[in-house]
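Colleague: For reference, the chains in residue letters:
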Amino acid sequence: DAGVIQSPRHEVTEMGQEVTLRCKPISGHDYLFWYRQTMMRGLELLIYFNNNVPIDDSGMPEDRFSAKMPNASFSTLKIQPSEPRDSAVYFCASSLEERWQGQGEKLFFGSGTQLSVL
Amino acid sequence: AQSVTQLDSQVPVFEEAPVELRCNYSSSVSVYLFWYVQYPNQGLQLLLKYLSGSTLVKGINGFEAEFNKSQTSFHLRKPSVHISDTAEYFCAVSFSGNTPLVFGKGTRLSVIA
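For the record, the sequence lines run as chains R and H.
In this text, residue positions in the first sequence follow this note's numbering: the first is 97, and each later residue adds one.
In this text, residue positions in the second sequence follow this note's numbering: the first is 6, and each later residue adds one.
In isolation and in its complexed conformation, chain R is listed as follows:
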């Protein structure tokens, strides 16, 4: 398997523009997670899905952020409108494990999308 695939690797946009980040989880994994990494706050969980259904979006910073998972092999994280403070690395991760303690050992990360909002 190719692992978790994220696109684009880098995104530079201007404030106010819409940004869409994409993720393809590992085939067969039924959990998908979106994380954001910043110097100030470290790695934060934004939202996660189980079987394409959003389970917990309490980490989504505000209404400008939305995430979807239309099928088992694809998810998007959208920011509209984008702001400079959204600049960060956004990671997608997937897992098959149902128990949270097992999640840690069976959680696979993509290479991330480096977002810069000017």
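None of these hints come from the bench; they were simulated from the model.
We put the beta carbon where it would ideally sit given N, CA and C, even for glycine.
Please note: incorrect hints may appear among the correct ones.
Said to hold, decoys possible - No more than 27 Å apart at the CA atoms, straight line, and that leaves these computed lysine-lysine pairs for BS3-like: (1) H:Lys74 - H:Lys110; (2) H:Lys74 - H:Lys63; (3) H:Lys63 - R:Lys202; (4) H:Lys74 - R:Lys174; (5) R:Lys174 - H:Lys63; (6) H:Lys63 - R:Lys164; (7) R:Lys164 - R:Lys120; (8) R:Lys120 - R:Lys174; (9) H:Lys110 - R:Lys120; (10) H:Lys74 - R:Lys164; (11) R:Lys202 - R:Lys120; (12) R:Lys120 - H:Lys54; (13) H:Lys54 - H:Lys110; (14) H:Lys110 - H:Lys63; (15) R:Lys202 - R:Lys164; (16) H:Lys54 - H:Lys74; (17) R:Lys164 - R:Lys174.
Said to hold, decoys possible - One side of the interface only, derived from the structure: several residues of chain H facing chain R at Cβ under 10 Å: (18) Phe39; (19) Leu49; (20) Leu51.
Let chain R serve as the given structure and place chain H on it in line with the hints.
Modeller: Showing chain H alone in chain R's frame:
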């Protein structure tokens, strides 16, 4: 409140020297503990884990960590580092197995030749 603290944001160390990266957590429930490593321009990879049993756990690339319940710590150690160990290291905790992983802010290890 449940939290994870990595006390050092950056740790420079000379090649072949020992290193310890510190991680403390705050919890009133049982925990499951992990260390992840992030090499430049890559995603996170699991380094080692503590789920139960022996409190000293060994991971890949010669790293080990010890779970200390009384100190609520899970420090990562390596007796002799290599240049290739230069990376960012994240401590992560699942509280009672009922919550998603909570990550520390990371420690950037820089190995100097």
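Colleague: So if I understand the rule, the pair passes when the alpha-carbon distance is 27 Å or less; does Lys174 of chain R with Lys63 of chain H pass?
Modeller: Distance ~39 Å between Lys174 of chain R and Lys63 of chain H Cα, so the pair is violated.
Colleague: Does Lys202 of chain R pair with Lys164 of chain R here, judged by a C-alpha cut-off of 27 Å?
Modeller: OK: Lys202 of chain R and Lys164 of chain R at ~23 Å, within 27 Å.
Colleague: Below or equal to 27 Å on CA atoms is what counts here, so check Lys74 of chain H against Lys63 of chain H.
Modeller: Since the Cα atoms of Lys74 of chain H and Lys63 of chain H sit roughly 17 Å apart, the hinted pair holds (cutoff 27 Å).
Colleague: Let's test the interface hint: is any C-beta of chain R closer than 10 Å to that of Phe39 of chain H?
Modeller: OK, holds: Phe39 of chain H within 10 Å of chain R, min 4 Å.
Colleague: Starting from Lys202 of chain R, check that the Cα of Lys120 of chain R is at most 27 Å away, please.
Modeller: holds (17 Å)
Colleague: Within 27 Å, alpha carbon to alpha carbon, are Lys63 of chain H and Lys202 of chain R?
Modeller: holds (17 Å)
Colleague: Is the hinted pair Lys110 of chain H and Lys63 of chain H satisfied, with a Cα-Cα distance of at most 27 Å?
Modeller: Within the cut-off at roughly 22 Å; holds.
Colleague: Can the restraint linking Lys120 of chain R and Lys174 of chain R be considered satisfied, given a maximum Cα separation of 27 Å?
Modeller: holds (15 Å)
Colleague: Double-check Leu51 of chain H for me: the hint is only fine if its C-beta lies closer than 10 Å to a C-beta in chain R.
Modeller: holds (6 Å)
Colleague: Below or equal to 27 Å on CA atoms is what counts here, so check Lys74 of chain H against Lys174 of chain R.
Modeller: Violated, at about 41 Å.
Colleague: When you check the alpha-carbon spacing of Lys120 of chain R and Lys54 of chain H, does it fall within 27 Å?
Modeller: holds (26 Å)
Colleague: Assess, step by step, whether the Cα of Lys63 of chain H is no farther than 27 Å from the Cα of Lys164 of chain R, and give holds or violated.
Modeller: violated (38 Å)
In summary, the numbered hints that this structure violates are 4, 5, 6, 10.
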